[in-house]
Each structure stands twice: as C-alpha cells, then as structure tokens.
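Chains as they are written, first to last, in the working numbering: chain A, 2 to 841; chain B, 2 to 841.
Calculated from the structure, these hints are not laboratory results. We put the CB at the ideal spot given by N, CA and C, even for glycine. Be aware that one or more of the hints could be misleading.
DEER-style ranges, computed between Cβ atoms [said to hold, decoys possible]:
id	chain 1	residue 1	chain 2	residue 2	range
1	B	Val664	A	Arg684	42 to 48 Å
2	A	Glu547	B	Arg393	50 to 56 Å
3	A	Gly178	B	Val664	28 to 34 Å
Under the rule of at most 20 Å between Cα atoms (straight-line distance), these lysine to aspartate or glutamate pairs were calculated in the EDC-like manner [what the hints assert, rightly or not]:
id	chain 1	residue 1	chain 2	residue 2
4	B	Lys445	A	Asp597
5	B	Lys444	A	Asp597
6	A	Lys445	B	Asp151
7	A	Lys445	A	Asp597
8	A	Lys444	B	Glu618
There are 2 protein chains.
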Amino acid sequence: MPDTPDMLQITPSAPIQTDQHGNRAKCLQRLVRLELPVPLSVALSFDTVRGLALGHLPDMTALAGIFDDGDLLSVRSSSQAPDWGGPGSVLNIGMNDAVAARIAKEHGQAAADALYLSFIRSYAVDVLRLDEDLFAAPITPRLALAHFEDEMEDPFPQDVETQLTEVLRAMARAWEGTSARLLRQAKGAPADAGLGLIVQRMALSIGKEETGAGVVQFVSSESGFAQITGRYLPQSQGRAALSEAAAQFIETDERGVALEDRCPKQVEALRQAGKLIRTRLREEMQIEFTLMEGKLAILDAVRVPRSARGDVRIAVDLAEDGVISRDDALTRVAPFTLNQLMHRQVNPEGPKDLLTRGIAAAPGAATGKIVFTASAAQSASSKGEPCILVRRETSPEDIRGMHAADAILTERGGMTSHAAVIARGLGVPCVSGATDLQLDHRKKTLTVPGRRVFHEGDVITVDGSSGEVLVGAATMIEPAMGGAFATLLRWADDARDIGIRANADTPEDARLAQTFGVDGIGLCRTEHMFFDPIRLTVMREMIFAEDQEDRKAALERLLPMQRGDFIELFKLMEGQPVCIRLFDPPLHEFLPGDRDGIRALAAALDLPVSRVAARIENLQEFNPMLGMRGVRLGITVPGIYSMQARAIFEATVVASQGKEPVVPEIMIPLVSAKREVELIKDRVDAVAAAVRNETGTQFTYRLGVMVETPRAALRAGEIAEHAAFLSFGTNDLTQMTYGLSRDDAGRFMSVYVNQGVFPEDPFQRLDRDGVGELLLLGAERGRQARPDVTLSICGEHGGDPDSIAFSRAAGFDYVSCSPFRVPVAKLAAAQLAISDTIES
Amino acid sequence: MPDTPDMLQITPSAPIQTDQHGNRAKCLQRLVRLELPVPLSVALSFDTVRGLALGHLPDMTALAGIFDDGDLLSVRSSSQAPDWGGPGSVLNIGMNDAVAARIAKEHGQAAADALYLSFIRSYAVDVLRLDEDLFAAPITPRLALAHFEDEMEDPFPQDVETQLTEVLRAMARAWEGTSARLLRQAKGAPADAGLGLIVQRMALSIGKEETGAGVVQFVSSESGFAQITGRYLPQSQGRAALSEAAAQFIETDERGVALEDRCPKQVEALRQAGKLIRTRLREEMQIEFTLMEGKLAILDAVRVPRSARGDVRIAVDLAEDGVISRDDALTRVAPFTLNQLMHRQVNPEGPKDLLTRGIAAAPGAATGKIVFTASAAQSASSKGEPCILVRRETSPEDIRGMHAADAILTERGGMTSHAAVIARGLGVPCVSGATDLQLDHRKKTLTVPGRRVFHEGDVITVDGSSGEVLVGAATMIEPAMGGAFATLLRWADDARDIGIRANADTPEDARLAQTFGVDGIGLCRTEHMFFDPIRLTVMREMIFAEDQEDRKAALERLLPMQRGDFIELFKLMEGQPVCIRLFDPPLHEFLPGDRDGIRALAAALDLPVSRVAARIENLQEFNPMLGMRGVRLGITVPGIYSMQARAIFEATVVASQGKEPVVPEIMIPLVSAKREVELIKDRVDAVAAAVRNETGTQFTYRLGVMVETPRAALRAGEIAEHAAFLSFGTNDLTQMTYGLSRDDAGRFMSVYVNQGVFPEDPFQRLDRDGVGELLLLGAERGRQARPDVTLSICGEHGGDPDSIAFSRAAGFDYVSCSPFRVPVAKLAAAQLAISDTIES
C-alpha cells in the first residue's frame with residue numbers, strides 16, 4: 002500500500018500525529034498498540050482533507066485497495082481537539098446491489114433492504130445533499146434508487162471507490178463551512194484548524210450468532226465513581242441505535258436484559274480492555290464496540306463525558322491510583338468547575354418552566370416563596386419557610402433580609418451590583434438585572450410581559466448559575482464539597498505559590514472561609530457589622546448627634562460591640578492574619594430611604610420628622626461613590642476611626658491572652674493622598690499607645706492602605722512610606738479608571754461587550770491594559786519605596802483565575818476573594834504554579 | 002566709622018543688598034544716588050538684627066557716634082519684600098530732659114512737653130511693653146517719667162545709646178514673634194526671612210519757618226492716572242499725623258489750604274524728585290518728606306499702593322513712556338488682578354452689613370431681589386428687575402434662570418459645583434456653599450441663624466469675588482475693560498507662545514469670547530443648546546420615544562436647530578477653529594425632578610403621569626458622573642451623534658460658502674477604550690460622506706477625543722491612532738483620579754485644605770503629582786503614536802496660570818477656558834513666555 006504520511010494505515014509504528022491526523026486517529030493507534038481488536042483503519046491527514054475540499058483527490062484506488070473486496074467501510078472525522086467537532090460519521094460505504102443480494106440470501110430480504118435503504122439515504126441526503134423528503138419512509142430500496150437516478154441523472158454508484166470519494170469530499174467541504182468554523186473557533190480552534198478522516202473496515206451488523214453494537218464506560222458520568230455503564234443492541238450499528246428502548250445493559254442487571262448474560266467472556270474482555278485503556282491512555286474512556294458473530298471489535302474510544310463532580314472524582318481517583326500525578330489531576334479540572342460542586346444546581350434533566358432570564362450573578366439555585374421586602378424575608382426565614390427576595394435593586398439596609406433569603410432576584414444591576422456582590426459573599430444564589438420583571442411594590446406583585454401575575458407567596462426557582470428564573474419548584478442536584486473536592490483542594494494548597502485569603506465581614510463569614518482553608522482574611526469590611534438592628538440604631542444616633550459629646554457617647558456604645566466582633570474574628574482565625582478595613586461607606590447608607598423608615602427613625606430618636614428628613618436630604622450625594630466616605634469620613638469625623646482602632650487593639654489584647662499574639666492589620670480605604678495616611682496613622686498610633694498603657698500589654702500591628710483610586714496607585718511610592726501593605730481594591734479602581742459606576746453599568750454593559758467595545762466586562766475580568774497598568778505602576782513604586790511592602794488584590798477580581806495569574810506574575814503576596822471563590826482561586830493558583838514548573 | 006557690612010551708612014557706594022539689608026535700605030540708597038536730600042541713614046543687616054534678637058549687640062557706641070550729639074533718630078524696619086511687614090517705626094530717639102529744655106526755650110513749653118511725652122509713651126509702651134494705661138492722657142512728662150521709674154525701678158534713660166539699644170532689641174524680637182512670622186509666611190516669606198533696620202537722623206518737627214511732614218505721590222491709587230496726591234501737616238512728624246483733619250493739600254487746590262500756596266519752590270522740587278524717582282526707580286513711588294525751616298528732606302519712598310485698575314494703568318503708562326519695557330509691564334501685573342477689572346466690585350470703602358459668607362465661586366458683585374426659582378428669575382428679568390437666584394444647589398434645568406439672574410447664591414457646592422462652573426461661564430457673580438443658609442422653598446424664605454427671616458423680593462448683595470453676602474444694596478465699583486486693560490492684553494497676545502481658546506456653548510458665549518480675542522473655541526458643549534424650552538420639549542419626546550421611528554422623528558426636528566447653532570458659531574468665529582463636543586450628559590438631566598414638572602411633562606407628552614414617573618425613575622443613576630453618558634450614550638443611542646454630526650457638516654457647508662472653508666473639530670466625550678473611538682469615527686465618517694454626496698460640496702474635519710478618564714490617558718497611544726487631537730478634560734479627570742465628585746467635595750474640601758491633606762483644592766489648582774502625571778503620560782503616548790496630534794486642556798483648569806505653565810512645559814498646543822478667564826490666561830501665558838526668554 003502507498004503508506005504516505007497523507008494516507009496511513011493505523012499500525013503501532015505508523016507516524017500518526019495528533020496535529021496532522023487528529024485526536025481520534027491518535028487514540029485509535031494507541032488502542033492498536035495495546036493489541037486491542039481494532040478493525041483495519043486508515044488515517045487521512047489534515048493536508049489530504051484540505052486538498053479534498055479544493056478538489057485534489059488522493060490515490061483513491063490505492064485507498065480502496067487497502068480493504069478487501071466486499072468490505073463495508075465507515076468514515077469518521079478526527080479533529081485535533083475532541084471538542085472542535087467535525088462532520089458526522091458515514092457508515093456502510095460499499096453497499097450495493099450485489100452486497101444487498103448476498104445479505105438477502107443469508108439473512109433475509111428485510112435485513113438486506115433495511116441496510117441498503119439506510120445507506121442510500123445517507124449517501125443521497127448527507128453526502129450529496131439531495132432533498133430528504135424524496136427518501137422519506139415508507140419507501141423501498143428500489144424506489145429510492147429510482148429517485149436517486151432521477152435527481153442525479155446517473156444511477157446510484159455501485160463501486161466502493163466512487164462512493165468513498167464522494168463521502169470524503171462531502172466531509173472535507175462540510176468542515177470548511179462557515180457555521181462549522183465559527184462553532185469550533187468558539188471552542189478555541191485556530192482559523193486554520195485541520196480535519197483528519199478515518200476510513201475503517203466495518204463488521205456487518207447482522208449475523209447468525211451474537212452480533213450487534215454497543216458503548217461502555219467504567220465510571221459513572223454523574224458521580225465519577227467506578228461503575229460499568231453502557232448499552233448494547235443486537236443486530237444494530239452505530240451509536241444512534243443505542244438510544245432505542247430495546248437496548249440492553251452490559252453487566253448483568255436486575256432491571257433488564259444484559260449482554261453479560263449471554264456473552265460473559267466478551268464482557269470480561271471489555272472489562273480488561275477498559276482497565277488497560279484507563280492505565281495506558283491515563284484517562285477514563287468510553288468505548289464503542291461491536292460483536293460480529295460473537296467476535297469483539299473495538300471501533301473507537303472517547304473521553305468519558307462527565308458532570309462537574311464526576312470530573313473532580315475521576316481526576317482524583319486517577320491520581321490516587323497512581324495512573325496520573327497529582328499535578329496532572331490539578332491541571333485536568335477547569336477551576337470554575339468547582340463552583341458547581343459548591344452549590345445546589347437545577348437538574349438539567351428535569352422539567353423547566355422558564356419565567357425570565359437575568360444575569361447569573363451568584364451561583365447556586367434555590368426554590369422558595371416570593372417576598373418583596375427584607376423584613377418579609379426575615380419573617381419567612383424565622384418560620385423556616387424558604388423564600389426568594391425580589392427587589393428592584395438592593396441596598397445595605399436589605400442585608401439582613403438577603404441573609405435570610407434562599408435566593409435573590411433583582412430587576413436592576415449587573416455582575417457587580419450591590420445585590421450580586423453581597424449575594425456572592427453570602428453564598429446566596431442571585432439573578433440580577435432581570436430587566437423583564439415588572440415589580441409593583443405597593444401591590445406586591447411581579448409580572449413578566451405575557452405571563453400571569455405573581456404574588457407574594459407564589460413559588461419560584463432562581464438559578465444563579467444560569468441566570469434563569471423558573472416557575473414553581475425545580476428538581477435539584479445537591480452540592481458535593483467533601484471527598485474528591487476536598488482532596489483536590491488539599492493538593493492545590495501544596496502546589497500553589499501565592500497566598501489566598503478570604504474577604505470576611507463577620508465571624509460567620511470567617512467560619513465559612515475556614516472551612517475552605519485560607520491563609521487569612523484579606524478584607525474585613527467593618528461597616529457590615531453595623532447593620533444589626535441594635536447597632537444600626539446607635540449608628541443613627543451617632544449620625545444625628547448634636548455635638549461632639551453626643552457623638553462620642555454613641556461611639557462609646559458601639560465600641561464594645563465592635564470589640565466583640567474582632568475578638569471573635571481573631572479567635573476564629575487562630576493567629577492567621579486578619580486585615581480590617583476601617584469604616585468606608587457614606588453615612589447616608591445607614592439612614593432609611595422611605596417615608597415609613599423616616600417616621601420610625603424620628604420616633605426612635607425622638608426628633609421631629611422634618612428634622613430627620615432634612616438631615617437625610619442633607620447627607621444625600623450626587624455621586625456617593627465619589628463622595629464623603631472612606632478616609633475622608635475618617636478625617637472629618639475622627640471619632641469613628643478612633644473607636645474602631647480602639648476596638649481592634651482591645652480585641653488584640655484579649656485574643657492574644659495565652660495564645661500566639663495576634664498582629665492585626667488595619668487598612669485605610671479610599672486614600673488619594675499621602676497626607677491622609679499620615680493623619681490616620683498618627684491617630685491610630687496614639688490609640689495603640691493608649692491601649693498599651695491602659696492594659697499594660699505590648700502588641701504590634703500593621704497599618705496599610707487600600708489602593709482604589711488611580712491617584713493612590715500613581716502615588717504608591719510616597720504612600721508606601723507610611724504603609725506596611727498595599728491592597729489593591731480593583732472594584733473601585735476599575736470604576737474610577739473607566740469612569741464607570743458598576744451599579745449603573747448594567748444599562749449598557751451588554752451592548753458594550755456584544756459590540757466588542759470592551760472585550761469583556763472589566764468588573765468581571767481585570768482590565769490588564771488600563772487598570773492593570775495602574776496596578777503594576779503602584780506595585781513597582783510601592784516596592785521601590787519599601788522593598789518589604791506586602792502587595793495584594795482584594796475585591797471581586799481576587800477570585801478570578803486571570804487576575805490571579807496577573808497578581809502572581811506581578812509578584813503579589815496574596816489575593817483575597819469571597820469565601821465561595823476560594824476553591825476556584827486555589828485551583829487556578831495551583832495550575833499557574835504547575836504550568837510554570839513545566840515551562841521552566 | 003566702623004563701616005562693616007553689618008552696619009552700613011547709606012552712601013551711593015555702600016554695599017547695600019536687598020537680601021541683606023532689606024528693600025527699604027536699598028530704596029534709600031537709590032534715592033541717595035539720585036542726590037536727593039535724604040537724611041543721614043545707617044542700615045543694620047539681617048544678621049545684625051538676628052543677633053540682636055539673641056542678645057548680641059552690635060557696637061552701639063560706634064553706631065550712636067555716626068550721628069551728631071543731640072540728633073533725634075528714627076528706626077524703621079526694612080524687610081526683603083515690602084509686603085512681608087515688620088515692626089512699626091519708632092521716632093524721636095534721643096529725646097531727654099536736656100533736649101526738652103532746649104526746645105522749651107526755643108519753641109515754648111507746650112511744644113517741648115508734647116514731643117517728650119510722645120517719646121516717653123512710645124518707649125515705655127511700644128519698646129518696653131509697659132502698661133499703656135499708665136501713660137494715658139491727661140498726663141505730664143514729669144508724671145510719665147515718675148511712672149516709668151516706678152515700673153522699671155530705674156530712671157528714664159537719658160542717653161541716646163541706651164534708648165537706641167532698647168529700640169533695636171525690641172524691634173528685632175517683635176520680628177521673631179509667632180504672629181508676625183505667620184503673617185509674613187502667608188505672604189510668601191520663607192521661614193527664615195530676615196529683617197533689616199534703618200537708623201535715620203530726624204529733623205525736629207517744630208521750627209520757626211515752614212516746618213512739617215508730608216507724603217506725596219504722582220498718580221491716583223484708584224485710577225492709576227497721573228495726578229499729584231498727598232497730604233502735609235505743619236509742625237508735625239510721621240505719617241500718622243497726616244490723617245488729621247488739619248492736614249493740607251500739596252498742590253494748590255480749591256478745596257482747601259495747600260503747601261504749594263506757601264512753598265511753591267519746595268513743591269516744585271518734590272515734583273522734580275517725583276519725575277526723577279519714577280524714571281530711575283522705574284516705578285510710581287509714594288514719597289515721605291519733611292520740611293525743616295523750609296528745607297526739604299526725603300525720608301523714604303515706597304511703591305504707590307494701588308487698586309487693580311490703577312495697577313494696570315501704571316504698568317501700561319510706564320511702558321508707553323519708555324520707562325520700562327512692555328515685557329516688564331506684562332510681568333508687573335498679577336494675572337488674577339485682571340479679574341477685578343472685568344467685574345463690578347463691592348466698594349471696599351462703603352458700608353457693609355454682612356449676612357453670611359460662602360465660597361467665592363464666580364467673581365463680580367450684584368444687588369437684587371431674592372428669587373427662589375429659575376422661573377421667578379426669568380420673570381423678574383423680563384420686568385427689568387435685578388434679582389438674585391437663591392437655590393440649595395442648581396441643576397441644568399436652572400440654566401435659563403441662572404442666565405436671567407444678576408447673581409447666584411447656593412447653600413451647597415464648592416468651587417466646581419454646577420452653580421459655580423455655569424456662573425463663571427456666564428460671567429454671573431456666584432457665592433456657593435453658603436452653608437449657614439436655611440432655605441425653605443415652600444415658604445419661600447431664607448434664614449441665617451440669629452438674623453431676621455428674608456423673603457422673596459428682599460434685597461441682598463452677592464459678592465462673588467469675596468464670597469460675602471450683604472444685606473441690602475452695596476456701593477459698587479464698575480468694571481474697566483477698555484484702555485490700559487485692552488492694551489495689556491494686546492501686548493500679552495504678542496508675547497505668549499501657547500494658544501488660548503475659549504469654552505463657548507452658545508453664539509452668545511462665542512461673541513463674548515471674541516471681545517477678549519481668542520484663538521478659537523476649545524470646547525462647545527452642545528447639550529446646553531437643548532435647554533431652550535422648545536428644544537427641551539423635543540429632547541424629552543426623543544427620550545420618551547416608543548420606538549426607533551419616533552426617536553428618529555424627534556431627532557430630525559432637533560437637526561435644523563442644531564444646524565442653526567453651528568452656522569452661527571462658525572460665522573462668528575470667522576474661520577477660527579471650533580471644537581464641538583458631542584452630546585455628553587445623562588439623559589435624566591433633561592427630565593423634571595419634581596411632581597409639578599412631571600405632571601406638566603405628562604400633559605405635554607400626552608402620557609399617564611405614572612408612566613412618565615416610571616421612566617424618570619428608570620433613568621435615575623446611583624452615580625450619574627460614572628454612568629450612561631458621553632460616548633456610552635453615543636454608542637447605545639446612535640441617533641443622537643448621527644444627528645449632531647449631520648448638523649455640524651451641513652452647517653460647515655453653509656458657513657463655508659464664499660468664505661474660507663470651515664474645518665470643524667468634533668470631540669468625543671468620556672472615552673475609555675479605543676474601540677469607542679473607532680465606532681463613532683466610522684459613524685461620523687459615514688455621515689460626512691453622505692453630506693458631501695447630498696450637497697456636492699467637499700469639506701474636511703478633525704475628529705478628536707476628550708481625555709477625561711484615567712484609562713483614556715493611559716491608553717492615549719492607541720486612541721490617538723484614530724484621533725487628530727486629544728483634549729484633556731481635567732475636571733472629570735481630577736474627579737476620577739481622586740475618586741472625588743466635585744459636587745460632593747464641598748462637604749469636606751475646606752477641612753482637607755485647612756489640614757493640609759490636599760495642599761490645594763485640586764479642582765482649582767491642577768494636581769501635578771497625580772492628574773498631572775496622567776496628562777504627561779497621555780501626551781507622551783499620544784504623540785508617540787501620532788507625532789502631529791494636537792494636545793490641549795479644556796475645562797476649568799484651562800484658565801489657571803499654574804495649569805497654563807504645566808501645559809506650556811508639556812508642549813501642549815493650547816488651553817481652553819471660559820471667556821471670562823481668557824484675559825487672566827493670556828497674561829499668565831505671556832508672563833511664562835517672558836520668564837523663559839529671560840532665563841534662556
């Protein structure tokens with residue numbers, strides 16, 4: 002045979018290359034090398050197939066000559082990566098009047114007709130693109146041949162060479178089609194990706210003894226645990242047939258007929274083949290096989306399709322069995338896969354009544370009754386009733402309600418709206434920006450155009466992983482964070498070389514972070530501690546204080562509460578670093594926004610409603626993001642930071658008793674000038690000295706800066722003179738660098754991303770060109786001024802694999818993200834470290 | 002005599018240095034060199050005086066020995082710069098019992114007693130800091146001497162050496178006092194500024210013939226025009242006496258007694274001295290002189306104090322008389338001085354009833370009746386009644402009312418609030434951030450704590466130059482933009498080497514800009530054109546359009562209006578460049594904010610109130626600054642920019658007919674990514690092609706980008722690939738670089754500036770360290786990508802001398818500022834160019 006690189010018989014020694022013949026060809030060669038019963042197969046190279054599409058035929062006579070006369074042949078596609086697709090297989094090439102007559106004689110006319118008709122159809126419709134209706138059942142082969150001749154003005158070709166030529170040409174052209182190209186490019190294929198083709202000898206699907214086709218795999222696609230799964234159908238061909246009800250089990254099974262019952266030896270051979278393949282191909286494979294009068298043939302093997310949890314389990318099991326290394330296991334699981342193991346998921350197999358779609362803002366799914374207010378959510382929760390909090394948008398006042406809700410649905414806002422950020426922090430599923438929703442808070446109804454009106458108490462399901470909102474309850478898949486998940490994370494911890502901390506605002510968050518195992522708390526936003534109703538009242542008294550004395554009194558009442566928070570946090574973190582951000586939001590976030598709230602507040606403070614309303618109006622801002630918050634508040638209302646510093650230091654003293662000393666980290670938010678840091682540092686130092694003096698206890702602490710204005714990044718050099726660490730708050734930094742409020746961006750972000758104005762939403766994927774340059778500038782200048790400055794990213798981007806890659810490359814010490822993103826971050830960090838080891 | 006550098010007799014050749022002996026010493030030496038009759042004077046150096054303060058005496062015997070026995074001496078301070086201050090003069094040192102007796106014999110006891118008592122008082126109270134009450138009138142010298150001895154336990158010193166020593170010591174110590182130091186540092190003196198002292202022989206102030214003291218100057222302090230002004234008092238000493246009613250005129254004057262009537266020769270000598278001094282000292286000086294029995298002595302000369310208009314006139318006259326060069330004249334006038342000539346000023350001499358203070362947000366002053374709404378302002382204006390618009394804060398809806406008002410007063414906002422920026426643009430006086438004000442819009446009252454309630458119609462005066470608000474009408478000084486002002490600006494145009502354009506939004510603004518002479522329009526904010534009531538209605542129809550068709554229809558109605566604006570602008574600017582910024586603000590700025598407005602709008606659009614309210618709410622943003630505006634609106638609502646581009650091009654065709662072709666500049670606002678520019682450029686290019694085709698006329702235009710996000714500055718390289726010019730919008734760039742909304746910054750900016758957190762308000766003075774770095778980065782990258790890119794600053798900073806210096810140093814092509822800031826900008830630019838010429 003003309004064994005050129007363009008047309009190679011698949012033998013153990015043939016020079017088959019994945020990047021010339023495709024993945025399937027290479028896989029078949031591996032099976033051949035394992036001496037498994039693979040039928041005679043020939044691989045056509047990418048170049049050959051490219052030539053075919055341009056009309057250059059290979060030596061077809063030679064190709065046909067490799068096979069025996071009367072052989073039936075199949076052609077399958079073999080792209081470089083399995084998920085780049087390719088045209089469907091064509092079977093039974095070589096069928097003609099003579100073969101049909103022979104079959105009729107041996108197996109009866111019906112069998113011969115069925116096989117011949119199936120090929121005529123496939124050849125006419127799939128290969129030559131004739132009208133499908135012409136060949137629709139009921140029809141006989143003779144009529145089909147007549148229709149073919151009418152259409153083509155030529156009789157149906159009887160020689161295998163002509164048939165095979167047309168099949169190969171059609172498949173080569175199909176690969177070049179526009180939609181096929183777009184589809185594979187979406188999966189990462191290059192524009193010039195090639196297609197290989199495999200011509201394989203087929204067994205006749207009918208025979209006197211045990212004859213048929215099947216697939217088998219040795220693990221469960223769902224769980225990843227070892228378990229023989231598969232189907233077999235006697236007297237059939239191809240995968241398609243296996244979905245028929247008549248298909249049988251492989252192993253003996255009480256639910257029905259199984260191949261093993263009749264052919265135990267062949268099934269045992271399959272088991273042995275499976276073991277061999279797993280070990281030598283280092284992967285769980287699904288095997289396509291045939292029996293021809295009792296004789297086993299293995300036609301093909303593909304990677305077992307698998308769920309997220311199956312994926313993790315298979316990778317871990319392969320490593321634990323020594324088939325692959327732990328590093329291999331870590332690189333085989335895509336980081337975001339872990340998200341699906343941490344949250345309940347809507348069962349994709351279950352029935353669905355889609356109500357509307359929004360942005361998949363916080364993963365997981367939950368079913369519950371609709372509530373429209375935070376207090377209704379709390380009340381439902383207290384009765385143990387699952388509920389879905391539905392709001393136009395959420396605000397800090399809603400936090401306790403968000404905590405109580407099983408899921409959150411908002412009409413407005415994007416991936417980084419308040420609702421989305423808080424929900425991800427809390428681990429509560431959230432769909433935001435469901436713009437179709439029409440809410441009537443007065444009537445307490447929810448409508449979607451064209452659908453019935455929903456009332457408080459109606460049951461819906463929110464799927465924060467897909468962005469879907471479903472009517473009624475959906476069937477769910479439960480999370481799976483133990484077992485293989487935990488093992489993989491442990492390995493990731495061993496492999497990674499950048500710190501992963503969690504953002505945790507409350508002891509509850511910190512506890513959650515600890516379950517994932519973190520290197521500390523990278524961002525504790527203290528303001529969230531003030532939304533507890535008792536504290537909120539004191540906060541409001543502080544805001545409404547007439548004079549310094551009253552303000553001081555209110556702050557003194559907050560002090561023990563804050564101290565208590567910090568003691569608990571420090572104890573929970575057992576000496577790991579805890580980075581506490583001083584109070585950040587504008588004061589008006591603590592005041593009610595509606596008439597009822599104002600009246601209640603006036604009553605509580607014993608003040609006239611008009612005064613309360615006036616004060617609230619007075620505190621309103623045009624652009625609160627850019628207003629009186631962060632260090633600006635710290636400087637103009639000094640008591641707040643002093644109280645917080647005292648709470649931190651007193652907690653440090655308490656939590657250090659009899660333990661390793663706690664070294665708290667104190668972070669100043671929204672800095673834009675060095676002098677801000679100096680002023681706060683002086684004040685914090687003074688508080689520390691006072692607490693040391695009062696308690697007679699020594700302690701140390703680290704003061705740092707949250708770099709979230711472009712100016713702070715630019716001036717990081719002089720800022721670092723007073724800051725032991727710089728933590729980049731990439732959310733705000735992105736907002737300011739783009740001049741883009743994340744709360745308002747939802748209105749046009751989808752248009753922008755769709756039109757490619759921004760390649761991606763910069764709140765989701767760190768903008769390396771703009772924000773990234775500021776990060777690098779800031780890091781470089783900070784390090785120049787203070788070589789041992791600790792550098793990190795905190796905020797939403799912290800958990801994104803791309804940002805972790807960026808931070809690692811920039812030599813940052815750690816990233817901090819919400820607890821629920823820690824597993825993804827760890828795996829991504831591990832993969833980066835492994836990839837560097839391989840490259841170096 | 003010991004003529005050491007520490008103690009120098011002022012002779013023509015003595016090595017007197019301004020930076021060692023002070024300004025007055027140097028000036029006296031110049032008078033001596035002119036052979037004017039200056040009494041014997043000795044200069045003590047800064048080092049000598051520093052030594053005195055530390056207790057090291059110079060050789061006092063030698064010093065006293067320079068003068069004759071029985072001479073009376075004066076000591077005056079001589080700081081390096083005239084306005085750094087210094088302790089007051091001490092006269093008559095040397096008075097004692099013997100001199101008193103001699104005077105009594107020659108001129109009578111009363112004269113002797115008066116002179117002796119005056120010195121004892123001055124020595125006891127000013128020099129030795131004894132209790133003033135002890136020496137209060139009525140008292141005799143004898144009693145005063147007794148009190149002195151009681152207090153000091155020593156008799157009153159009779160020798161001139163002791164007296165002089167104490168005087169010098171006291172003056173040296175006074176210079177080191179804290180308040181004196183703070184005062185001079187506020188005027189720009191360095192911390193270690195020195196004081197020189199001058200000891201001068203005095204004439205006795207009493208004599209038989211014409212004896213007395215006077216001051217004279219040869220120009221009017223107010224107007225700067227030539228005019229002998231001065232006072233003379235016979236038988237008196239020192240400047241203080243000249244304020245007495247008995248003081249006489251210098252030149253013959255019909256209003257009263259004049260020195261010239263008695264001593265024409267001496268007055269002629271003064272005139273000659275004045276001419277000589279003006280020519281040789283190259284400045285208008287005020288001369289202090291005495292006559293001693295008819296003999297003229299010139300004691301001192303200081304720069305004539307002068308008003309802003311006097312300052313300009315004097316500089317221009319000196320240059321026109323050839324005394325100084327034009328460049329000298331340009332450098333002598335501080336740029337901000339010109340502001341006072343462009344606006345009415347409250348007469349500082351007039352009576353004042355201060356109601357409250359705020360931020361001096363837009364210069365000039367006006368008196369009028371209080372109005373609380375824009376419509377009331379328009380109505381008052383239509384009746385020809387001056388009015389003051391008082392608002393909590395202003396919004397774009399108020400613009401027509403602001404136009405109609407004679408001044409604006411707001412409770413909130415800083416130097417760069419909406420009210421302040423618009424007022425400066427309109428040239429309307431404005432006081433913003435008058436936080437003491439309590440407005441009740443419902444009752445239409447204005448209160449300041451502790452003052453009566455003011456109602457609509459009550460008259461107040463707003464002084465936008467000082468930030469003061471006065472009760473009732475104040476006397477005013479009118480602007481003076483002709484004459485010397487115009488001459489100086491013409492010279493500035495010749496001298497400067499950076500372009501000055503004006504921000505002009507309407508033909509009216511452009512006309513104003515042309516009166517100051519500009520190099521074009523650097524920023525035409527097209528949105529202000531839509532606040533005219535007819536246009537506003539169409540705008541709102543556009544915003545409420547149900548579909549593309551309705552929106553298109555509304556835009557088509559706006560097209561001819563916009564075209565008309567541009568035709569007028571282009572014609573007015575006569576071929577000078579006009580840079581038109583495409584629509585920038587969020588759409589909600591065009592919608593009413595209150596119930597009444599919403600009801601009226603619903604009626605006008607024939608829509609239910611609830612729908613209008615819902616749409617308005619739907620358009621609200623959390624941070625409008627960072628929201629759906631600028632190019633984001635241009636991309637998501639494409640019709641707006643297409644309409645504007647068409648209006649610009651059609652106007653170009655019309656305005657170019659029979660004239661030099663107009664080359665419009667089109668600027669895209671709020672860019673943060675290159676792709677935004679590409680998309681808009683494609684659209685604008687297409688509109689240009691269509692208009693060329695429809696009109697059969699060729700024209701060119703320049704498309705550029707307003708760089709106002711930090712990201713646009715960082716990515717200026719790739720942006721410049723598609724932009725012929727980059728104009729830095731430093732207002733927004735400052736807001737985003739600091740993360741600081743100018744509308745909200747008022748709340749803490751004063752605390753920040755007072756505590757030195759920011760050295761200055763970055764909205765007033767360009768922040769060179771942060772924002773400046775982005776400007777330099779952007780300019781460098783833009784130039785690298787496109788060497789001929791035009792670079793400029795537009796916005797509030799454009800008119801600030803410091804920003805002009807920055808822009809010039811960075812090689813920018815022009816700055817653009819509001820028309821009323823053009824004169825200041827021109828003068829500042831001229832001074833920079835001159836200063837470079839001198840240095841190079």
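Structure-based check of each hint:
Against the hinted window of 42 to 48 Å, the Cβ-Cβ separation of Val664 of chain B and Arg684 of chain A comes to about 57 Å, which falls outside the hint. Separated by about 22 Å at the C-beta atoms, Glu547 of chain A and Arg393 of chain B break the suggested range of 50 to 56 Å. Evaluation of the 28 to 34 Å hint for Gly178 of chain A and Val664 of chain B yields a failure: the beta carbon distance comes to about 49 Å. Under the criterion of a C-alpha separation no larger than 20 Å, the hint pairing Lys445 of chain B with Asp597 of chain A is inconsistent with the structure, at around 27 Å.
At roughly 25 Å between alpha-carbon atoms, Lys444 of chain B and Asp597 of chain A are farther apart than 20 Å, so this suggested pair is violated. Restraint check for Lys445 of chain A and Asp151 of chain B: the C-alpha separation of about 92 Å exceeds 20 Å, so the hint is violated. Between the alpha carbons of Lys445 of chain A and Asp597 of chain A the distance comes to roughly 17 Å, so the proposed pair stays at or under 20 Å and holds. At most 20 Å may separate the alpha-carbon atoms for a hinted pair to count; Lys444 of chain A and Glu618 of chain B meet this at roughly 18 Å.
Comparing the model with each numbered hint stated earlier shows that hints 1, 2, 3, 4, 5, 6 do not hold.
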